[in-house]
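There are 2 protein chains.
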Amino acid sequence: MTTVREIRLKSRPRGLPTRDNFEFASVDLPAPAAGEVQVKNLWMTVDPYMRGRMNDGPSYIGGFQLDKPLDGGAIGEVTVSNDPKLKAGDLVQSNFGWREGFNAPAAGLTKLDTMGLPPQTFLGAAGMPGLTAYAGLLKIAALKDGDVVFVSGAAGAVGQIVVQIAKAKGHTVIGSAGGPEKIKFLKEIGCDQTIDYKAEKDLTAALAKAAPGGIDVYFDNVAGEHLVAALNVAKPFARFALCGGISMYNATELPPGPPNLMLMIGKQIRMEGFIVSSSWDMMPAFLRDLSQWVKEGKMTWKETVFEGLDKAPDAFIGLFSGANLGKMLVKLG
Amino acid sequence: MTTVREIRLKSRPRGLPTRDNFEFASVDLPAPAAGEVQVKNLWMTVDPYMRGRMNDGPSYIGGFQLDKPLDGGAIGEVTVSNDPKLKAGDLVQSNFGWREGFNAPAAGLTKLDTMGLPPQTFLGAAGMPGLTAYAGLLKIAALKDGDVVFVSGAAGAVGQIVVQIAKAKGHTVIGSAGGPEKIKFLKEIGCDQTIDYKAEKDLTAALAKAAPGGIDVYFDNVAGEHLVAALNVAKPFARFALCGGISMYNATELPPGPPNLMLMIGKQIRMEGFIVSSSWDMMPAFLRDLSQWVKEGKMTWKETVFEGLDKAPDAFIGLFSGANLGKMLVKLG
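Chains E and B, in that order, give the protein sequences. For the record, in the first sequence the residue sitting at position 14 is 13 according to numbering that gives the first Met the number 0, with numbers rising by one throughout. For the record, in the second sequence the residue sitting at position 51 is 50 according to numbering that gives the first Met the number 0, with numbers rising by one throughout.
Bear in mind the hints are in silico, worked out from the structure with no lab data behind them. Here the structure is a predicted model, which is why all the values come from computation and not from measurement. For each residue, glycine too, the CB sits at the ideal point set by N, CA and C. Among the hints, erroneous ones may be present.
[What the hints assert, rightly or not] Estimated spans, in silico, between C-beta atoms of each pair: (1) G169(B) to E187(E): 31 to 41 Å; (2) P211(E) to E187(B): 44 to 54 Å; (3) D201(E) to G61(B): 25 to 35 Å; (4) S320(E) to E224(B): 29 to 39 Å; (5) P235(B) to K310(E): 34 to 44 Å; (6) P283(E) to G56(B): 16 to 26 Å; (7) L15(E) to E224(B): 23 to 33 Å; (8) E224(B) to A250(E): 16 to 26 Å; (9) A33(B) to D201(E): 36 to 46 Å; (10) P235(E) to T113(B): 31 to 41 Å; (11) D144(E) to E224(B): 33 to 43 Å.
[What the hints assert, rightly or not] Using 30 Å as the maximum straight-line C-alpha spacing, the simulated BS3-like pairs for lysine-lysine come out as follows: (12) K9(E) to K9(B); (13) K138(B) to K143(E); (14) K266(E) to K86(B); (15) K67(B) to K86(B); (16) K197(E) to K67(E); (17) K266(B) to K234(E); (18) K143(E) to K143(B); (19) K138(E) to K138(B); (20) K143(E) to K168(E); (21) K266(E) to K84(B); (22) K143(E) to K234(B); (23) K297(E) to K208(E); (24) K39(B) to K234(B); (25) K168(B) to K138(B); (26) K110(B) to K310(B); (27) K86(B) to K330(B); (28) K67(E) to K266(B); (29) K143(B) to K234(E); (30) K301(B) to K200(B); (31) K9(B) to K266(E); (32) K234(E) to K138(B); (33) K266(E) to K234(B); (34) K183(E) to K301(E); (35) K234(B) to K138(E); (36) K301(E) to K168(E); (37) K330(E) to K9(E); (38) K138(E) to K143(B).
All chains, full assembly: derive it from the sequences and hints.
Below you can see the structure in the form of structure tokens.
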């Protein structure tokens, strides 16, 4: 019998989540049944999309239940196997995050081939956030030669990959993020122009200065004023990939939308929302391209690591104040 | 020498235009020079898009100049020709609206083949508004089998054609318009469900009732609350063609955008603004389809006609209070 701790949703956050919304519990794991394995988690992810799952009412992926463990991406190591498919020591990828370990049918787990990368990369650059960047830029925004690309949240888990895919493909890239440390990072990964939105009073003016000829593609992780500025500075036939709206996730009342949305008509702008689960089929192509870019020195990434399950709520809450440079992760083992 | 009257922009409207913004002037037309013709206008069009051209600052088609004649679509009859390309009595289509007649090079005019339709049809159902409906629905919204289609401004120049194209192609169509006369017309042209927005307090509730399974396509002529409702009731992967925002054209301050715009992410909605001039290449296909639908009794249309150039400002201003059923036209000859 092994005892592990897990985190449950104690109450639904109103506005910004607090530690009080989370509850820690200990659960006993029996020896795994036939066909099952026992897994010790090494890493778990916290992602902005989880905020929506904490609300009551419908969510595009099932909402979290009160008093039940939260879930989300995790990388773990098989400690005991009762199935020939996996053996002790194998690394597995699962959706059983927010806990130190678990028993589960081997058939439902993905054995991880790390391709020589650190395993936690598959929760970030080589995982869901990386594929989000790839699909959003290539499929949704339909990136084409010569496009000038604007990315908000550019120093975050998704944004950092967007910047570098666009640069690897030869584009002019404008990245927005908050604070000098992030801006420094954006320059390191090749942004042609950067906007420290915390230092700007007028985002439209800042973007117009950074992109005097206008933008062709906007990859939106932020919504709010960034979306307003992107509409103002968009060229005709610009394409906007709407990936996230972190500026709005904790709003207790829906803030108004962009007052200049009607610019979409005259400028013939296309705007498309997307979620990565519609693009899993692009994962093999993404991993091929990613490996190549890594080899060529065109792709790197940052991680911000909180240590231990105790810190998981803080890591999650920190997403909304921009406490992360690159991917926010929790190291469990 | 012939004297004709024309209408000039005397002052830029602030908010809803008034007659004071327009000025009537008489101009003398000499005999047409070599290569020119003289045309007596029979019909002119007033369209909502002209409101944007009355503002100062950039417009997606050139703004109107103060103290210069307004322009826009017109159908006229050649009275004197000094070019072998056209002869007296020929019908021509031009952009020299807002005036009783004009001299112009024959090379710049389109001789009108009415295909047996009344000539003014080419300012409406068989002209720019018809093509707008066709391109918006088939190209921008990428209408596909089984789509449930919602159209706002459905009894207007564009909307009436949208409704009937969608019906001719076998779709379920929900049309919104203001007042019982328009609702009656929407039923006559085949709308499966209608919404009298002037009689509804909660457009989302009304639309959800009209389309219990949600909508796949939204053809937006109105913006504002209609767009909010469409986002709320959209199915996953819905496509929105943004054609116009008549509820906002006279706003003196930009009203806030839809507070629920972020629904586009979870629902993976695509929204695209368009202007018809990008789709002139579809005109031959549209006219072929239109002729066929007319023959099959699947396409009809309404016109609201104001008589005489004196009434042109009233016709234009009336667009913004929904004074038109179908296409708003001014009969000049």
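So, going through the hints one by one against the coordinates:
no.: 1; hint: G169(B) to E187(E): 31 to 41 Å; in the structure: 56 Å, violated
no.: 2; hint: P211(E) to E187(B): 44 to 54 Å; in the structure: 53 Å, holds
no.: 3; hint: D201(E) to G61(B): 25 to 35 Å; in the structure: 28 Å, holds
no.: 4; hint: S320(E) to E224(B): 29 to 39 Å; in the structure: 34 Å, holds
no.: 5; hint: P235(B) to K310(E): 34 to 44 Å; in the structure: 36 Å, holds
no.: 6; hint: P283(E) to G56(B): 16 to 26 Å; in the structure: 49 Å, violated
no.: 7; hint: L15(E) to E224(B): 23 to 33 Å; in the structure: 30 Å, holds
no.: 8; hint: E224(B) to A250(E): 16 to 26 Å; in the structure: 20 Å, holds
no.: 9; hint: A33(B) to D201(E): 36 to 46 Å; in the structure: 55 Å, violated
no.: 10; hint: P235(E) to T113(B): 31 to 41 Å; in the structure: 34 Å, holds
no.: 11; hint: D144(E) to E224(B): 33 to 43 Å; in the structure: 40 Å, holds
no.: 12; hint: K9(E) to K9(B); in the structure: 66 Å, violated
no.: 13; hint: K138(B) to K143(E); in the structure: 20 Å, holds
no.: 14; hint: K266(E) to K86(B); in the structure: 40 Å, violated
no.: 15; hint: K67(B) to K86(B); in the structure: 29 Å, holds
no.: 16; hint: K197(E) to K67(E); in the structure: 37 Å, violated
no.: 17; hint: K266(B) to K234(E); in the structure: 26 Å, holds
no.: 18; hint: K143(E) to K143(B); in the structure: 26 Å, holds
no.: 19; hint: K138(E) to K138(B); in the structure: 18 Å, holds
no.: 20; hint: K143(E) to K168(E); in the structure: 9 Å, holds
no.: 21; hint: K266(E) to K84(B); in the structure: 37 Å, violated
no.: 22; hint: K143(E) to K234(B); in the structure: 29 Å, holds
no.: 23; hint: K297(E) to K208(E); in the structure: 27 Å, holds
no.: 24; hint: K39(B) to K234(B); in the structure: 50 Å, violated
no.: 25; hint: K168(B) to K138(B); in the structure: 14 Å, holds
no.: 26; hint: K110(B) to K310(B); in the structure: 27 Å, holds
no.: 27; hint: K86(B) to K330(B); in the structure: 22 Å, holds
no.: 28; hint: K67(E) to K266(B); in the structure: 26 Å, holds
no.: 29; hint: K143(B) to K234(E); in the structure: 29 Å, holds
no.: 30; hint: K301(B) to K200(B); in the structure: 28 Å, holds
no.: 31; hint: K9(B) to K266(E); in the structure: 28 Å, holds
no.: 32; hint: K234(E) to K138(B); in the structure: 20 Å, holds
no.: 33; hint: K266(E) to K234(B); in the structure: 26 Å, holds
no.: 34; hint: K183(E) to K301(E); in the structure: 12 Å, holds
no.: 35; hint: K234(B) to K138(E); in the structure: 20 Å, holds
no.: 36; hint: K301(E) to K168(E); in the structure: 21 Å, holds
no.: 37; hint: K330(E) to K9(E); in the structure: 23 Å, holds
no.: 38; hint: K138(E) to K143(B); in the structure: 20 Å, holds
When held up to the earlier numbered hints, the structure conflicts with 1, 6, 9, 12, 14, 16, 21 and 24 and fits the remainder.
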